[in-house]
Every structure is written in C-alpha cells, then in structure tokens.
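Undergrad: If you're matching them up, the sequences are chains A and B in order. Going letter by letter, the first sequence gives residues 1 to 110 in the numbering used here. Going letter by letter, the second sequence gives residues 111 to 222 in the numbering used here.
None of these hints come from the bench; they were simulated from the model. It cannot be assumed that every hint is accurate.
The calculated lysine-lysine pairs, modelled on PhoX-like cross-linking and capped at a C-alpha distance of 20 angstroms, are [claimed, not checked]:
#1 Lys56(A) x Lys70(A)
#2 Lys162(B) x Lys36(A)
#3 Lys56(A) x Lys67(A)
#4 Lys127(B) x Lys105(A)
#5 Lys102(A) x Lys154(B)
#6 Lys36(A) x Lys127(B)
#7 Lys102(A) x Lys148(B)
#8 Lys105(A) x Lys162(B)
#9 Lys70(A) x Lys102(A)
#10 Lys56(A) x Lys109(A)
Computed footprint of chain B on chain A, listed as stretches where at least three residues anywhere in the stretch have a Cβ under 8 angstroms from a Cβ of chain B [what the hints assert, rightly or not]:
#11 54–64
#12 91–105
What you are looking at is a predicted structure, and each value in this text was computed from that prediction instead of being measured. Glycine included, C-beta positions come from ideal geometry on N, C-alpha and C.
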Amino acid sequence: GEDVEQSLFLSVREGDSSVINCTYTDSSSTYLYWYKQEPGAGLQLLTYIFSNMDMKQDQRLTVLLNKKDKHLSLRIADTQTGDSAIYFCAERGSQGNLIFGKGTKLSVKP
Amino acid sequence: DAMVIQNPRYQVTQFGKPVTLSCSQTLNHNVMYWYQQKSSQAPKLLFHYYDKDFNNEADTPDNFQSRRPNTSFCFLDIRSPGLGDAAMYLCATSRGTGDGYTFGSGTRLTVV
C-alpha cells in the first residue's frame, strides 16, 4: 500500500543546518511535498518537487529526491528558532489525495 | 485574502452528543477535503468532495458524515462522538485532485 515514513524527532542548534528525511512507497507519485505545522495551526505548504527533478532550492530550503531509493529530504540552512515546528512529508496517492507521514518534530536550541 | 477558514478553532463536546465542524473557502476550489489528525500521527483523509461528488475513504467510520451545500462550505458531522474521536480536524481545498492543497487552521475537538 501507499505509505510515507519519517523519523519523529530532530534537534539542532540555531545556525546549523537541519536535514529531515522521508521515504515513500509509491514510485508513480508525480509530486512530493513538504508541509510545516506550527503548534495549534494547520499545515502550510513549504515546498514541493516534481518527480523528474533531483533537487530544488528555494532560499534556505533544499529538497533532494532520490527516485531509485524513494527517498526525499528537506535541508534547512541556517536554522532559526522560528523554524521549530513539525514537518510533514507527503506523496500524492493513486486517487489524487495527499498521503502524509507522521511528521518530524524539529526543535531548534539557541 | 483568499483562504480556507475553519470554525471554531476549539470545540468541546460531550460524549455521544452530535457535533458539526465547519469549513469555508474563498478560493472557489472544486475539491474540499477533511483530514483527521491525532497526536503524533499522520493526518488521515476521511473523505473529500469533488464539486458535489462525495468520496468516502474505505476505513472512515460511519459515525462521520459530511455535507457540502455549495462550493464555499463543507461540514463535518460526527453523530455520536467517542473519546477516540478527539483530534485535530483539518479542512483543505484544491482546484483539482492533482493540484496543491490549501489548508485551514484546523479545529481541535475535545470529547468529555
């Protein structure tokens, strides 16, 4: 079946880079997404990557896609305390709906 | 600003007492979704509407129903809430089923 896996926690120091990893199962997914959820809030689309791309950079965010291994990563450069949140990886399922991982809680220590 | 609005942000209901959560959108999107998100778990799709066509996920409990009276509004009805239904309920919209989602801020439901 369709499944998305992420590690649950990541802790970094302010100014360091954060790398959040994700694996997915549906090799036919055309788009893969990263969403951010701050406490008590909904999900905010951070970035996405089309499946024929290996990398996408958007300011401090870099997304890497390894289709062979079905591995997606999100790198946040110069991580700030305001980046503390839960980050969800998502793939588009066969019915068109988004399938989310459990989320990685990023804690940024000053 | 075009957006997805969920009301209320926090809802407390009694065990077994019907409750309705609402979602409205100003984006004129065709598709509206309801997700359930429990603590430390992935958001789980309950159902979605493509225009007036209702699509129920196979494992969505019968206790959950939805209505979409017009393009702008979609409601989630929980007929007899149990303690296990306490969760964050997220509404999202998209232009089509292959397009990006816009999420509301969610309604956190507490069952007492």
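Undergrad: For each hint, tell me whether it holds in the structure or not.
TA: Against the structure, the hints:
1. Lys56(A) x Lys70(A): Status holds; Cα separation ~16 angstroms.
2. Lys162(B) x Lys36(A): Roughly 30 angstroms separates the two Cα atoms, so the pair is violated.
3. Lys56(A) x Lys67(A): Satisfied, since the Cα-Cα distance of roughly 14 angstroms is no more than 20 angstroms.
4. Lys127(B) x Lys105(A): Given that 20 angstroms is the threshold and the Cα spacing comes to 34 angstroms, the pair is violated.
5. Lys102(A) x Lys154(B): Satisfied, since the Cα-Cα distance of roughly 10 angstroms is no more than 20 angstroms.
6. Lys36(A) x Lys127(B): violated (33 angstroms)
7. Lys102(A) x Lys148(B): The hint holds at about 10 angstroms.
8. Lys105(A) x Lys162(B): This hinted pair is violated, its Cα atoms lying about 37 angstroms apart.
9. Lys70(A) x Lys102(A): holds (17 angstroms)
10. Lys56(A) x Lys109(A): violated (27 angstroms)
11. 54–64: With 0 residues close enough to chain B, the hint is violated.
12. 91–105: holds (count 10)
Hint check: violations occur at hints 2, 4, 6, 8, 10, 11; the rest are consistent with the structure.
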